[in-house]
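S.K.: Take a look at the letters that make up each chain.
There are 2 protein chains.
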Amino acid sequence: MSRYVISLGGNALGNDAKEQKKLLEHVAKAIFPLIKQNHDIVIVHGNGPQVGMINLAFSESKSTPIMPFAECGAMSQGYIGFHIQNAIYNEMISKKHYRPITTLVSQVLVDEKDPAFMHPSKPIGSFYTKEQADELTIKQGYTMVEDAGRGYRRVVASPKPIDIIEKSAILSLLEQKQIVIAAGGGGIPVIKKDSKLIGVDAVIDKDHASAKMAEIIGADALVILTAVDYVFINFNTPEQKKLVDVTVAEVESYLKDNHFKKGSMLPKIEACLNFVKKTNQKAVIANLEHAALAFEQKSGTIIHP
Amino acid sequence: MSRYVISLGGNALGNDAKEQKKLLEHVAKAIFPLIKQNHDIVIVHGNGPQVGMINLAFSESKSTPIMPFAECGAMSQGYIGFHIQNAIYNEMISKKHYRPITTLVSQVLVDEKDPAFMHPSKPIGSFYTKEQADELTIKQGYTMVEDAGRGYRRVVASPKPIDIIEKSAILSLLEQKQIVIAAGGGGIPVIKKDSKLIGVDAVIDKDHASAKMAEIIGADALVILTAVDYVFINFNTPEQKKLVDVTVAEVESYLKDNHFKKGSMLPKIEACLNFVKKTNQKAVIANLEHAALAFEQKSGTIIHP
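Those sequence lines, one after another, are chains A and B.
The working numbering numbers the first residue of the first sequence as 837 and each following residue consecutively.
The working numbering numbers the first residue of the second sequence as 837 and each following residue consecutively.
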């Protein structure tokens, strides 16, 4: 019996409620073997496309108020969490092996002095013209940047997670062998001011939040499920080579040589390194399609101390 | 040490994120005395205006997909739950008396044969013209009705809650003296089909959901916090009389004489009667402003067996 954190990409969840429900039936089947083996499981999911959609709905709608980004993130936790717990419940019932499962609305602490706040870099929401962008900067104080010729977009900071505020609920539920969905979208980012928690417009990388989760709950493994079978070096070149079983030292040397793509494999690698170095446990990056094999360490890239 | 379910109206939460945050600071102060006395506490909140706002944002926005009502409800649980747990956390920290608090995304089971599904009556979302309404009926299968001369609105069913799917998580957390926010907006309504849970477009009355919650967790009292100090009979007439301490039999006789207004006091009264009759415990309907007094049974209407 082991304790796992499973990190699930928001891009694997489709573009609307119907697609998301359908795709999660598949995810539930992939995760079920782990449930049946009675392991402790926490699921952390991404929310990039979904929080973008929610933010866009409020931006475009004429009659609704402005919805701050932290609140859009909270909404995405409800939206995606509902579908995950529903899909896994249904899968367990159909396989006659039921364990309680619940989503916790989760705040994740970040440091207001995190250097990321000085250099907001994570694009969110819709595209605007230069004139609209300038107006948003003046009226809302948004940082707007030109995005690859497609127009102007708001950027927010992507600070590092320090703590998960609702951790004691997560731990209590794990003790009862319940399955927990938490820190969705990397968590609702909050800073501490005069000991009070205040929501901020930022995005916490969900892989970094997963690594923090794995550290806090004392996980035996952090499993990042994505769309590729293995991590590669020299990706998309004739020298391309898949990594099967690698040490922290090896991965760090590849990292130094810029083998991993920013905004895609890089944060996953960094999150795994953080977790493995801090805890001496292992991390796995694998294809969601082969999740069952990955849990048996027969597929995916394993990073160990 | 007692176990309480506190039912909080969605109308008390303002019209946007900023207002909601501000108003919840006040709610947190009102509830704090109960937390300090170390009682078990589950908070159920309404979501009428909030889920309407979310639904409206998706309806009006041109670039986002249609968002089914069950999913809008899930979003509202994240949105409101985040603000409640944040406000109560901050209040506890400032009073130096901390207990963990978390929101659970909650599905509530309803019966697909509930007669309410034959007579959808709960208006939700925006107003439409006759032509738009007809189109929505044809394209989306919505039931649309004319609403008091203000245009056409969609109506959905308001079925009775049968069970709370995530109840074991709620009970586990209560055992650990954690404060739980659950079944927000009455819960995400789901029906059972071939043992699977399926989200449906419906609205569960939050007072009825609170009564079901109180029954399931074995609460000593159901406390419905609202905007009036007492329940009245002959309301707004010269014979108006406040009810302070009444039996089920008395309330039932007033109910028969139509003393309570549909859509406002009536569901609260029915929910209280359900709970008190089933459990022989007591129910309180009181003003949020005097919550602390209400918990000591020094304010509000108490209904007992």
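Keep in mind the hints are simulated off the structure, nothing from the lab.
Among the hints, erroneous ones may be present.
[What the hints assert, rightly or not] Lysine-lysine pairs mimicking DSS-like chemistry, simulated, CA-CA at most 25 Å apart: (1) A/931 with B/1003; (2) B/854 with A/1029; (3) B/1003 with A/872; (4) B/854 with A/857; (5) A/1032 with B/1032; (6) A/932 with B/872; (7) B/975 with A/898; (8) B/865 with A/865; (9) A/966 with A/1003; (10) B/1003 with B/1032.
S.K.: Kindly indicate which numbered hints from before are broken by the structure, ordering the numbers from low to high.
M.R.: 4, 5, 6, 8 and 9
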